[in-house]
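Number of protein chains: 2
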Amino acid sequence: MNTSLKIIRAEIVSVGTELLLGQIVDTNAVHLAQRLAELGISVYRRVTVGDNMSRLVTALKQALSNAEIVFTIGGLGPTMDDITRDALAEAMGERLQLDPAIQHRLIEFFQQRNVTFPANNLKQALVPERGHPLNNPNGTAPGLVFEKDRKLAIALPGPPSEFLPMVQNEVIPLLRDRFPDLGVIHSRVLRVTGLGESLVEEKIKDLMRDENPTVAPYAKTGEVHLRITARALTIPEAEEIISKKEAQIRERLDERIYAVDDEPLESVVLRLFIQHKRTIAAAESCTGGMLAERLTNIAGSSNSFLGGIVAYSNSAKIRLLNVPPERIESFGAVSAEVAEAMADGVRQVFGSDIGIGITGIAGPGGGTPEKPVGLVYISVAGPDNSIKTTRNIFLGQRNEVRIRATQTALTMLKDRLLSCKDDIIGDG
Amino acid sequence: MNTSLKIIRAEIVSVGTELLLGQIVDTNAVHLAQRLAELGISVYRRVTVGDNMSRLVTALKQALSNAEIVFTIGGLGPTMDDITRDALAEAMGERLQLDPAIQHRLIEFFQQRNVTFPANNLKQALVPERGHPLNNPNGTAPGLVFEKDRKLAIALPGPPSEFLPMVQNEVIPLLRDRFPDLGVIHSRVLRVTGLGESLVEEKIKDLMRDENPTVAPYAKTGEVHLRITARALTIPEAEEIISKKEAQIRERLDERIYAVDDEPLESVVLRLFIQHKRTIAAAESCTGGMLAERLTNIAGSSNSFLGGIVAYSNSAKIRLLNVPPERIESFGAVSAEVAEAMADGVRQVFGSDIGIGITGIAGPGGGTPEKPVGLVYISVAGPDNSIKTTRNIFLGQRNEVRIRATQTALTMLKDRLLSCKDDIIGDG
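Read top to bottom, the protein sequences are chains Y and A.
If you count the first sequence from 1, position 427 lands on 427 in the working numbering, and the numbers rise without skipping.
Heads up, the working numbering is the position in the second sequence plus 428, with the first residue counted as 1.
Read the hints as simulated data drawn from the structure, not as lab findings.
It is possible that some hints are incorrect.
As the list claims (entries may be wrong) - Which residues of chain Y face chain A? A few of them, derived with a C-beta cut under 7 Å, are:
| hint | residue |
| --- | --- |
| 1 | P78 |
| 2 | A292 |
| 3 | Y312 |
| 4 | N314 |
Said to hold, decoys possible - As a list, the in silico DSS-like pairs of lysine-lysine whose alpha-carbon atoms are at most 27 Å apart:
| hint | chain 1 | residue 1 | chain 2 | residue 2 |
| --- | --- | --- | --- | --- |
| 5 | Y | K123 | A | K579 |
| 6 | Y | K220 | Y | K123 |
| 7 | A | K648 | A | K489 |
| 8 | Y | K123 | Y | K61 |
| 9 | Y | K205 | Y | K244 |
| 10 | A | K579 | Y | K61 |
| 11 | Y | K123 | Y | K151 |
| 12 | Y | K61 | A | K489 |
| 13 | A | K551 | Y | K151 |
| 14 | A | K631 | Y | K123 |
| 15 | A | K705 | A | K579 |
| 16 | Y | K220 | Y | K205 |
| 17 | A | K631 | A | K672 |
| 18 | Y | K61 | Y | K151 |
| 19 | Y | K220 | Y | K203 |
| 20 | A | K489 | A | K579 |
| 21 | A | K648 | Y | K220 |
| 22 | A | K648 | A | K672 |
| 23 | A | K633 | Y | K123 |
| 24 | Y | K277 | Y | K203 |
| 25 | A | K551 | A | K576 |
A quick note: this is a predicted structure, and the numbers were derived from the prediction, not measured.
Quick reminder that beta carbons are idealized off the backbone N, C-alpha and C, glycines included.
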């Protein structure tokens, strides 16, 4: 099947002294390599050079002689050491010209912010005579496409917040359009929560032996991703191969697979809340607002997430969440009893259907033999005084404990909505 | 001062198709680059090639013509696609010969494990005629040093558990021994917030022209990092060069430099609150708990951060934060007036010295021509009805708008504490 696939060679040139010195890790190049692999474009080699014109031009000339497509990452900013634009023009023997539309957009950008237009920035409006810019809604530097002698050079900005959307929205469509008969390597990720990596692997070990599709597990904080990857001539063909494997995996793990591909757990949870027309509020101690932050990061969350209270101190728990002081005295602030009172309290304060309460010890200090660092109680309170509480001991440093706690909280919310469907729907 | 330093140039060639496909991140090369920088060895460029003999030989020849020392990482294993040993021999015009001691050790290694010696593994006992092996107690493949025409090529194994100890125990001592008068390259990062990259550069452009130290700006979401890098014979000497430049930069940017090296802004803010014995509480709408989450991610934050309220809905703003309903009606929920009422309200609810209120439109929906996506009002309320409010328009997607909003909020808290020092301290 593979032999009929056309081979397009690409080279990636990353630009930046900070990359050469090992001060930052080149995650952009890794991402681009993955995306190109999915398209069936072979990365011939990758080069990293510093902010030095003659070395960059040499690297670009070599790359252009090796590959049909050369990508550069970084060096498109407004400062003196941003030299990629000029280096590419030199390596390709091309000229740059001022693009009035981009110039206009740049000036407007600064005017809107009441900032004088810095003359430096003007060079970001330079584009190749033969070629075109790539739209960058997330920054001032457009991407650039140079075309000459059947070679394509594509210059992409370094900040990941600009680079990643540009790859997705500009580069991939451009490549698909330009090379319609590429084969594909296509993947689907099954997102699993509530089971560790080795348990997941044990359950599906025999399903991981094929060469097409392959199945690879990746451990993340609080979840495991199973990547199913197929090679085929077309995406639908690859999808079909993947779907067969997914069905087999779901037979073993179904209730623990919470989403497919990029949907994070908070988005799944919010979707369920919206589907079931239910509202939620959160009371957080050790997670300090992280659960609220995760939920509100999803656009449209305000339809279901009414709000939250971050209550670290006992007095805040008592005054704002109506936690009975005697519970804190008898059981301690980190206890199932206080988590339950917080969940119920926040539910009443916001008038939501569901309330969730989280109290624990995120560390590094504050642990005791009975209540070690990582101990977290999580309660979910619903209508009719129904309440469910878990006692967890999470491993890791402060931020990992907090991530795992919010992950478990979200899983409890999901399970609550899925398992008590009739109960909750009937309640409205 | 530089002229007395000898400049040694190195190039790193990483070998492995899995690196090219982006399946693993090349942390080995990042580590080696950092270690070389500490020694004052300049990494000229880095190249990644797949397991392909002719491409690897080409890359090695180019590297040997650029640099005095060439490092290879990976491809020393026993399988067919481990080609680095042969490729280096070819690129250097050297011969390999069997090293009886290594052969003996390999055979012993397998005997101890009751495994028949695989014939493939014999190639791991091949060493260059001119050169020597590097000890590898953690695996079967020794490292290799090739020497010819004043060039040094050092081949290192790919598994980090073998690579890292070999760098530490073999490579660093070898380089120190071979180049006794190497200097060091040392860096310091000034973290700047509240000014964009091009404005930062405009203010210090004339200070960025030296070759030693160099000054390079890096744009991050909501901040700019200025990296000052010096070459010198010793670390203290480099520190001195850096400090002089830092002093010049501080004259121009002082109030905007919030920290040096790795301390994040939330940590600086909490430190100031603790120093000034002041407490804070946060009322968040569009940032949805992110400010609370950032502050509570710092251990010990509970001493100053009393808590927060995430109030998306108008009713939550009215009931929990005592925002006057007529303000919301007259000015809208996203307005300076409501941000001020939120800041003052949360201050009173938690009984904190300072209250901060954030209201805005994070997007992607909800924008209008008058109130576009990215519009965020932030208010800081203190004792004596003192209040300061900013109107901001932040670029980017939902999460970036939220990050920039919390960044500005933290900057306002920092400025509040720094500028009103006496006022605030006197107030206790």
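Open item on the list: What's the verdict on Y/K61 and A/K489, does the C-alpha distance respect the 27 Å limit or exceed it?
Closed with: Given pair Y/K61, A/K489 holds - Cα atoms ~16 Å apart, limit 27 Å.
Task: 27 Å limit on alpha-carbon distance, applied to hinted pair A/K705 and A/K579 - done: Measuring from Cα to Cα gives roughly 61 Å; hence the hint is violated.
Task: Straight-line alpha-carbon gap Y/K220 to Y/K205, limit 27 Å - done: Holds. Y/K220 to Y/K205 sits at ~19 Å (cutoff 27 Å).
Task: Pair hint outcome, Y/K123 versus A/K579 [Cα-Cα no greater than 27 Å] - done: Since the Cα atoms of Y/K123 and A/K579 sit roughly 41 Å apart, the hinted pair is violated (cutoff 27 Å).
TODO: Would you check the hint for A/K648 and A/K672, treating anything up to 27 Å between C-alpha atoms as holding?
DONE: holds (25 Å)
- [ ] Below or equal to 27 Å on CA atoms is what counts here, so check A/K631 against Y/K123.
- [x] holds (18 Å)
Open item on the list: Against the 27 Å threshold, does the CA-CA distance of A/K648 and A/K489 hold or violate the hint?
Closed with: violated (37 Å)
Open item on the list: Checking hints one by one. Is Y/A292 an interface residue toward chain A, by the C-beta closer than 7 Å rule?
Closed with: holds (3 Å)
Task: Distance restraint between Y/K205 and Y/K244, which requires alpha-carbon spacing of 27 Å or less - done: It holds: about 16 Å lies between the C-alpha atoms, which stays within 27 Å.
Task: Hinted pair A/K648 and Y/K220, Cα distance within 27 Å - done: Judged against 27 Å, a Cα distance of about 25 Å means the pair holds.
Open item on the list: Between the alpha carbons of Y/K61 and Y/K151, is the straight-line distance 27 Å or under?
Closed with: holds (11 Å)
Open item on the list: Checking hints one by one. Is Y/Y312 an interface residue toward chain A, by the C-beta closer than 7 Å rule?
Closed with: holds (5 Å)
When the structure is compared with the earlier hints, violations turn up for hints 4, 5, 6, 7, 13, 15 and 24 and for no others.
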